[in-house]
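Novice: Below are the chains, spelled out letter by letter.
Protein chains: 2
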Amino acid sequence: CPCPLPSGDTALSRLVRRLLSARRSLDLCLFSFSCPQLARAVQLLHRRGVRVRLVTDAQYMGLHGSQIGRLRHAGIQVRHDQHSGYMHHKFAIVDRRMLITGSLNWTTQAIQSNRENVLVVEDSVYVKAFQDEFERIWEEYNPANYSFF
Amino acid sequence: CPCPLPSGDTALSRLVRRLLSARRSLDLCLFSFSCPQLARAVQLLHRRGVRVRLVTDAQYMGLHGSQIGRLRHAGIQVRHDQHSGYMHHKFAIVDRRMLITGSLNWTTQAIQSNRENVLVVEDSVYVKAFQDEFERIWEEYNPANYSFF
Numbered sequence: 001c002p003c004p005l006p007s008g009d010t011a012l013s014r015l016v017r018r019l020l021s022a023r024r025s026l027d028l029c030l031f032s033f034s035c036p037q038l039a040r041a042v043q044l045l046h047r048r049g050v051r052v053r054l055v056t057d058a059q060y061m062g063l064h065g066s067q068i069g070r071l072r073h074a075g076i077q078v079r080h081d082q083h084s085g086y087m088h089h090k091f092a093i094v095d096r097r098m099l100i101t102g103s104l105n106w107t108t109q110a111i112q113s114n115r116e117n118v119l120v121v122e123d124s125v126y127v128k129a130f131q132d133e134f135e136r137i138w139e140e141y142n143p144a145n146y147s148f149f
Numbered sequence: 001c002p003c004p005l006p007s008g009d010t011a012l013s014r015l016v017r018r019l020l021s022a023r024r025s026l027d028l029c030l031f032s033f034s035c036p037q038l039a040r041a042v043q044l045l046h047r048r049g050v051r052v053r054l055v056t057d058a059q060y061m062g063l064h065g066s067q068i069g070r071l072r073h074a075g076i077q078v079r080h081d082q083h084s085g086y087m088h089h090k091f092a093i094v095d096r097r098m099l100i101t102g103s104l105n106w107t108t109q110a111i112q113s114n115r116e117n118v119l120v121v122e123d124s125v126y127v128k129a130f131q132d133e134f135e136r137i138w139e140e141y142n143p144a145n146y147s148f149f
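Top to bottom, those sequences are chains A and B.
Residue numbers for the first sequence follow UniProt numbering, so the first one is 1 and each next one is one higher.
Residue numbers for the second sequence follow UniProt numbering, so the first one is 1 and each next one is one higher.
What the hints contain is simulated information worked out from the structure, not anything from laboratory work.
Errors might be hidden in some of the hints.
Identical chains share a label here; the pair holds if one copy fits it or two copies do between them.
[Stated by the list, open to error] Here are the simulated SDA-like pairs of lysine to any residue, each with C-alpha atoms no more than 25 Å apart in a straight line:
| hint | residue 1 | residue 2 |
| --- | --- | --- |
| 1 | LYS128 | VAL118 |
| 2 | LYS128 | ASN117 |
| 3 | LYS128 | SER113 |
| 4 | LYS128 | HIS46 |
| 5 | LYS128 | ILE100 |
| 6 | LYS128 | GLN77 |
| 7 | LYS128 | ASP9 |
| 8 | LYS128 | ARG97 |
| 9 | LYS128 | PRO36 |
| 10 | LYS128 | THR10 |
| 11 | LYS128 | ASP95 |
| 12 | LYS128 | GLU139 |
| 13 | LYS128 | MET98 |
| 14 | LYS128 | GLU116 |
| 15 | LYS128 | ARG18 |
| 16 | LYS128 | ARG14 |
| 17 | LYS128 | GLY49 |
| 18 | LYS128 | TYR141 |
| 19 | LYS128 | GLN59 |
| 20 | LYS128 | ARG23 |
| 21 | LYS128 | VAL50 |
| 22 | LYS128 | ASP81 |
| 23 | LYS128 | TRP138 |
Generate the whole structure from the sequences, applying the supplied hints.
Specialist: See the structure below:
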């Protein structure tokens, strides 16, 4: 793979390490996902048998550099909205226990050039609120409910 | 003013009520700010004598519908970055005590049409991390440091 996992103590490597701590599940709710290193970490978890679910935005998933096609091709379940408004969340939940959320879209531009924040929260009140939102969206974006014009 | 403060129990009215609880200071770090109701709440606090400081993104502050000019005109201190990368934070700190952060840009489009999250946190560990980031940015974007080409 042309994109090795980041090492050292950069913000990206710390984020990747948090993700790779997943043992059972990884729920991703991401407006935009174009960072190859983060996609590689997600694929690695999928291959290890971690249950990965990914929700994304319909307008952004087809943009140049998007990793969504690659992740679908690898067998990861992806669902998207059907609205003109954005699915603008940017959070991940590891093992239904650790919430990773903030301003950061999972793009190379954001990681390299922007001023961003990422919160890592294990307080169950916050984790549950985001897990509930994830489950609502996952059901709402079930392909069985897609309508075609 | 053509944009009354929102009432009732919408997400926007709850956000406005949190802001209006400020008694001493309101620190705003906002990538994009075009929602007139939120601008009105910020102006109201400024008129009440609350110390308002606002950091924003240089590329987005001039876009159609931006409230930044109006807030500057009202006498509110505004600073912005000088980089091609985005100042992509979207957080507010009320009285150095309550952190309001998430995926939400303060735009009408985001409030009306997007799927978004806003976290309200009073845990001092999180509040301090964001307050420290605000102070760093406030100093870094001091107009005394601006360079003109």
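Novice: Could you run down the list of hints and mark each one as holding or not?
Specialist: Outcome of the hint check:
In this assembly of identical chains, the alpha carbons of LYS128 and VAL118 lie at most 25 Å apart whether taken from the same copy (18 Å) or from different copies (14 Å). Taking CA atoms no more than 25 Å apart as the test, LYS128 paired with ASN117 passes in both settings, with 21 Å inside one copy and 13 Å between copies. Taking the closest pair of Cα atoms, LYS128 and SER113 come within 25 Å of each other only across two copies (24 Å); inside a single copy the shortest separation is 32 Å, beyond that limit. Proximity of LYS128 to HIS46 under the C-alpha cut-off of 25 Å is restricted to the intra-copy arrangement: shortest distance 23 Å within a copy versus 36 Å between copies.
Proximity of LYS128 and ILE100 under a CA criterion of 25 Å is satisfied in both settings, with 13 Å inside one chain copy and 18 Å between copies. Proximity of LYS128 and GLN77 under a CA criterion of 25 Å is satisfied intra-copy only: 22 Å inside one chain copy versus 38 Å between copies. Taking the shortest alpha-carbon separations for LYS128 and ASP9, only the inter-copy value of 22 Å comes in at or below 25 Å, while the best intra-copy value is 29 Å. For a Cα distance limit of 25 Å, the shortest separation of LYS128 from ARG97 qualifies both inside one copy, at 9 Å, and across copies, at 24 Å.
With identical chains, the CA atoms of LYS128 and PRO36 are never at most 25 Å apart, being 29 Å at best within one copy and 32 Å at best between copies. For the homomeric pair LYS128 and THR10, the shortest alpha-carbon distance between copies (21 Å) is at most 25 Å, but the shortest distance inside one copy (28 Å) is not. Proximity of LYS128 to ASP95 under the C-alpha cut-off of 25 Å is restricted to the intra-copy arrangement: shortest distance 12 Å within a copy versus 27 Å between copies. Taking the closest pair of Cα atoms, LYS128 and GLU139 come within 25 Å of each other only inside a single copy of the chain (16 Å); across copies the shortest separation is 37 Å, beyond that limit.
With identical chains, the CA atoms of LYS128 and MET98 are at most 25 Å apart both within one copy (10 Å) and between copies (21 Å). In this homomeric assembly, LYS128 and GLU116 come within 25 Å of each other (Cα to Cα) both inside a single copy, at 24 Å, and across copies, at 16 Å. In this homomeric assembly, LYS128 and ARG18 come within 25 Å of each other (Cα to Cα) both inside a single copy, at 18 Å, and across copies, at 22 Å. In the homo-oligomer, the alpha carbons of LYS128 and ARG14 lie at most 25 Å apart both inside one protomer (23 Å) and across protomers (20 Å), since each shortest distance falls under that limit.
Only within a single protomer do LYS128 and GLY49 lie at most 25 Å apart by alpha-carbon distance; the minimum there is 23 Å, versus 38 Å between protomers. Taking the shortest Cα distances, LYS128 and TYR141 sit within 25 Å of each other inside one copy (20 Å), while across copies they are farther apart (37 Å). Taking the shortest alpha-carbon separations for LYS128 and GLN59, neither the intra-copy value of 28 Å nor the inter-copy value of 36 Å comes in at or below 25 Å. Proximity of LYS128 to ARG23 under the C-alpha cut-off of 25 Å is restricted to the intra-copy arrangement: shortest distance 18 Å within a copy versus 31 Å between copies.
Within a single copy, LYS128 and VAL50 get their C-alpha atoms as close as 20 Å, which meets the 25 Å cut-off; across copies the closest is 34 Å, which misses it. In this homomeric assembly, LYS128 and ASP81 come within 25 Å of each other (Cα to Cα) only inside a single copy, at 22 Å, whereas the closest approach across copies is 35 Å. In this homomeric assembly, LYS128 and TRP138 come within 25 Å of each other (Cα to Cα) only inside a single copy, at 15 Å, whereas the closest approach across copies is 34 Å.
Taken one by one, the earlier hints fail for this structure at numbers 9 and 19, listed in ascending order.
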